Structures are given as C-alpha cells and as structure tokens.
Amino acid sequence: MTISIRIAEKQDLESLHSLWMEIMQHHTGQGPMFDYDANYDVELKKSLADRIKGKEQRCFVAVEGEHVIGCIFCRINNIPPFIAIKKTGYIAETVVSIKARSKGIGTQLVKTAQAWFDENNCEATELQVAVQNEAGIRFWERLGFKPSTFHMHRLKE
Numbered sequence: 001m002t003i004s005i006r007i008a009e010k011q012d013l014e015s016l017h018s019l020w021m022e023i024m025q026h027h028t029g030q031g032p033m034f035d036y037d038a039n040y041d042v043e044l045k046k047s048l049a050d051r052i053k054g055k056e057q058r059c060f061v062a063v064e065g066e067h068v069i070g071c072i073f074c075r076i077n078n079i080p081p082f083i084a085i086k087k088t089g090y091i092a093e094t095v096v097s098i099k100a101r102s103k104g105i106g107t108q109l110v111k112t113a114q115a116w117f118d119e120n121n122c123e124a125t126e127l128q129v130a131v132q133n134e135a136g137i138r139f140w141e142r143l144g145f146k147p148s149t150f151h152m153h154r155l156k157e
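The numbering of the sequence shown is this note's numbering, which starts it at 1 and goes up by one.
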C-alpha cells in the first residue's frame, strides 16, 4: 500500500496520541525526563491539539490507507541576532509505529519537514535524541546529523 505524507488535522489526534504513547513506552526506564505526570493523558491530548496548529510549527503524518502510522513534530526557531545563523528548523519528535518501521517512513517524514524548513529559509536543522536511544542515534546519523551539544539536566534535590 502507498504511504502519503500530509499535515496533521484535528481528526488525527487519537492516532497521534497512540503514536506518542508508543514513543513514551520506548523510553520507559530511561530517566525521569520520560516519566509520566499523574494527569498525563488529559494534558497530552491538550498539548497535541495545540501543537497541530500554528504558523511556526507543523505536525506531518504518514498515512497508509486510512491509518496514521507515523508523525513528525517540528517548529521554526528564530535565533538571537548576534548569532550568525538566524533561523533554524527544530524536529521535536519523530515516531513511526512499531509495525511500520524499517520501510523508509521516518526518512520520508524528515524530508517533508526539511522541505518545510527550506521553504521558510531555515539555515540549519536541529533535534534532540535520547542518549539511550541507540537506534534513534543511528537513524539521525544516517541522515547526516552530528552531535553538537549535550543536553543535560539535574533534578532538584
């Protein structure tokens, strides 16, 4: 069956929720930054609804038949004027359903996001990937991404 990529719409919210739960399941046990809050379900649905709207952010979905099998959330960041690069594209999350992986869908989603960044004159693309997500790191490296900073955190004692 053919895979198509399009901008997410309101009717995709349940599918986006399911995909988000897959990525959180994948990251379970990888540290407190991936632990659920007590109200996670209500807040997650609200957050997803907010994130599919907006001029400087997009969610693209991969669709097979009538089923959403992947998504990529991205946004445009304006950089402070004293930095040489003025505008970047930021990939926040990329998820492909477990049963649809290794078919090039993630790459198609990234290419779609990159085309949107190019249309908006972004000079670079950046993202974060969990240190423990070795498959994710390999995926991004295959697409030409390289480490540039370490995103660190410390919990309040």
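Derived by calculation from the structure, the hints in this document are not laboratory data.
A hint or two may mislead.
Said to hold, decoys possible - Heads up, simulated DSSO-like pairs for lysine-lysine below, C-alpha to C-alpha not over 27 Å straight-line:
id	residue 1	residue 2
1	Lys10	Lys99
2	Lys86	Lys146
3	Lys86	Lys99
4	Lys10	Lys55
5	Lys46	Lys10
6	Lys103	Lys46
7	Lys53	Lys111
8	Lys87	Lys99
9	Lys111	Lys146
10	Lys55	Lys99
11	Lys86	Lys53
12	Lys86	Lys46
13	Lys45	Lys10
14	Lys55	Lys111
15	Lys99	Lys45
16	Lys87	Lys53
17	Lys111	Lys87
18	Lys10	Lys86
19	Lys146	Lys87
20	Lys103	Lys55
21	Lys55	Lys86
Everything numeric in this text was worked out from a predicted model, so none of it was measured.
Evaluation of the provided hints:
1. The hinted pair formed by Lys10 and Lys99 meets the criterion: a straight-line CA distance of about 24 Å does not exceed 27 Å.
2. The suggested pairing of Lys86 with Lys146 holds, with an alpha-carbon distance near 20 Å, which does not exceed 27 Å.
3. Note on Lys86 and Lys99: the hinted pairing is violated, with a Cα-Cα distance of about 39 Å set against a maximum of 27 Å.
4. Annotation: proposed proximity of Lys10 to Lys55 holds, straight-line Cα distance about 16 Å (limit 27 Å).
5. The suggested pairing of Lys46 with Lys10 holds, with an alpha-carbon distance near 12 Å, which does not exceed 27 Å.
6. Pair hint Lys103 plus Lys46 does not hold up; C-alpha atoms about 30 Å apart against a cutoff of 27 Å.
7. The suggested pairing of Lys53 with Lys111 holds, with an alpha-carbon distance near 20 Å, which does not exceed 27 Å.
8. The hinted pair formed by Lys87 and Lys99 fails the criterion: a straight-line CA distance of about 35 Å is larger than 27 Å.
9. Proximity of Lys111 to Lys146 is assessed by CA-CA distance (about 17 Å); at most 27 Å being required, the pair is judged to hold.
10. Restraint check for Lys55 and Lys99: not satisfied, since their Cα atoms lie roughly 32 Å apart, outside the 27 Å limit.
11. Annotation: proposed proximity of Lys86 to Lys53 holds, straight-line Cα distance about 23 Å (limit 27 Å).
12. Proposed proximity of Lys86 and Lys46 is contradicted: the alpha carbons are some 31 Å apart, above 27 Å.
13. Of the supplied pair hints, the one linking Lys45 and Lys10 holds, its CA atoms being roughly 11 Å apart against a limit of 27 Å.
14. Between the alpha carbons of Lys55 and Lys111 the distance comes to roughly 19 Å, so the proposed pair stays at or under 27 Å and holds.
15. For the proposed pair Lys99 and Lys45, the alpha carbon gap of about 23 Å is at most 27 Å, so the pair holds.
16. Pair hint Lys87 plus Lys53 holds up; C-alpha atoms about 20 Å apart against a cutoff of 27 Å.
17. Restraint check for Lys111 and Lys87: the C-alpha separation of about 18 Å stays at or below 27 Å, so the hint holds.
18. Between Lys10 and Lys86 the CA atoms are separated by roughly 32 Å; this puts the pair beyond 27 Å, and the hint is violated.
19. About 18 Å separates the Cα atoms of Lys146 and Lys87, which keeps this hinted pair within 27 Å; it holds.
20. A hinted pair counts as satisfied when its Cα atoms are at most 27 Å apart, and Lys103 with Lys55 does not qualify at roughly 30 Å.
21. Taking the CA atoms of Lys55 and Lys86, the gap is about 18 Å. The hint holds against a cut of 27 Å.
Consistency with the previously given hints fails for numbers 3, 6, 8, 10, 12, 18 and 20, ordered from lowest to highest.
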